[in-house]
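Participant: Protein chains in written order, with my numbering: chain A, 1 to 320; chain B, 1001 to 1320.
Check the hints yourself; a few may be wrong.
[Said to hold, decoys possible] The list that follows gives simulated cross-link-like pairs (lysine to any residue, SDA-like), each with its CA atoms no further than 25 Å apart: (1) Lys1111/B - Phe268/A; (2) Lys1110/B - Gln35/A; (3) Lys111/A - Asn1034/B; (4) Lys71/A - Ser2/A; (5) Lys97/A - Lys1110/B; (6) Lys111/A - Arg1299/B; (7) Lys1111/B - Arg267/A; (8) Lys1097/B - Ser2/A; (9) Lys1092/B - Lys97/A.
[As the list claims (entries may be wrong)] Partial list, derived from the structure: chain A residues whose beta carbon lies under 10 Å from chain B: (10) Gly52; (11) Ala106; (12) Ala108; (13) Arg272; (14) Asn308; (15) Val311; (16) Pro316; (17) Phe318; (18) Asp320.
Derived from the structure by calculation, the hints contain no laboratory data.
Every residue, glycine too, gets a C-beta built ideally from N, C-alpha and C.
There are 2 protein chains.
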Amino acid sequence: MSLQIPQPTAVLEAANRIAGIANQTPVHTSRTLNQQTGHQIFLKCENFQRVGAFKFRGAYNAVSQLSKAQKEAGVVTHSSGNHAQGLALAAKLLGVKATIVMPDNAPAIKKAATAGYGATIITCPAIEREAVCAQQIEKHGYTLIHPYDNPNIIAGAGTAALELLQEVGPLDLLFAPVGGAGLLSGTALAAAAVQPTCRVIGVEPAIANDAQQSWQRGEIVRLTAVPNTLADGLRTRFVGAHNLPILRQYVSDMLTVTEDEIVTTLRFLWARLKLVVEPSAAVALAPVFTGKIGEPGQRIGVILSGGNVDVAELAPLFAD
Amino acid sequence: MSLQIPQPTAVLEAANRIAGIANQTPVHTSRTLNQQTGHQIFLKCENFQRVGAFKFRGAYNAVSQLSKAQKEAGVVTHSSGNHAQGLALAAKLLGVKATIVMPDNAPAIKKAATAGYGATIITCPAIEREAVCAQQIEKHGYTLIHPYDNPNIIAGAGTAALELLQEVGPLDLLFAPVGGAGLLSGTALAAAAVQPTCRVIGVEPAIANDAQQSWQRGEIVRLTAVPNTLADGLRTRFVGAHNLPILRQYVSDMLTVTEDEIVTTLRFLWARLKLVVEPSAAVALAPVFTGKIGEPGQRIGVILSGGNVDVAELAPLFAD
């Protein structure tokens, strides 16, 4: 089966599809951040997106393009995180039945949030979730909406960067966090569509650097275990087949950050910028915030991917 | 000494003075909040103001209007909270020396933040702070910039509501939290200046309802002890002499909320709206959020006063 790799223009088409339905999220700036780093930084606040993360963009773009028959049959995915909620809401808005396969040990709050958008939740041992998904597809004719390895998910995710570039003008550098690389792929396509001179850079936790390795080697590198990074949205073990060619063609660099750097950046985002963001969002800002981007005076965009966190669970990170 | 009570137009003048220096903070809306309450709600996000709270507006408005001699001598205030930081930054920007009297037991983080803006910190037992302030004035000729009982502080505080009304258009109701009533006084003047039909409503913690009593009786009621409300910005024991006449003339109602209602609203603002706000900000939204505003379909503005919190300290409120 040949892959359909989306072109940069696919992001423009996705933007038309989600207009008025997804939030055009605000761009925040900070004098303190600019002074500390020596750069001019624009933060695209996807924590203020519907369902609290960029994932809604891709989900809506994907579900809205299904055929009438596919919509009538319904959609399915496996996710315990933001994609689950994004797909559930997108499906609900489009009148499509959604089934979400979650691991038994997914937090009750995430199950409740997803069910709250009208999706059917099926739980199973984590290791069986792909098999359970496949069973559901075979039994009910559902369409799988993969969290990142899907052209329409990628193009939809890119609309955040597109809005940012359209709002603030040309950027020297544009950072996005990398899990399965749906967001980074879309971000790279968006820049290619409207400002090809902008260097797009992916950032991963150092202990979850499969995408960096894959990008360097030109083949998908799989981590043997789920990496235990604080950035729970980036614990994916490997990027998708649709994602790697885009990263190779359009991404200028792949960086990693330590867990300590993630915490330092997260604290700043909460305490000083007053933004409830998830650790994965802090990952994207961390190289800039911790002074890893040497040449001063750059115009830098950062996609803050989302804000779905358990405050009580993260709080110890904020103790002095 | 006769009091100079500011007129509504003072807020318009203050807005010109702070233009380009204070942030024009964003207004957030939420489909979920509107659906839950049946109203259309506009949240003025002063947590994104400089120093993390609306206090910078009044401080800058006040210090900028001092005479040359007063500026050369310097300013002083007693505060352990947002006013301390607001005054410190305003003074720094205007090249004025600031001295802040804080209680011995003020959190180290607040002392550090205030000192970080270049102010001199003097600590003393809480009960002596007014006396120490007076000594500083006598010794150095400093001008006292009172946290709320000051016409220019009041007019500056009102610019948040002015921006809100100018941005979103006419409102039926406009809510502000009440401590010393600087913010509420300014908010009421702002509405009187540009939309007198807007009903301005103050909200206090029920265990700190001195302003409600003062507004009802027409005389300043003083609490005998500092109220132990979660809303640490609203623990003031009495409103100012400049504030009460404004409340009596321009404020339509004064409501109270329980500590539980503050927590419920705070959790929603953090977890769903992704806003790091302080408990005092949640106080203003609480009557609307908890369904105390009966008649549906109102256009409602809420001033979210600030976002300076100790995340680790508040975290237990977010445990299930």
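Participant: Quick one: which hint numbers does this structure break? Sort them smallest to largest.
Facilitator: Per hint list: 5, 6, 8, 9 and 11 violated.
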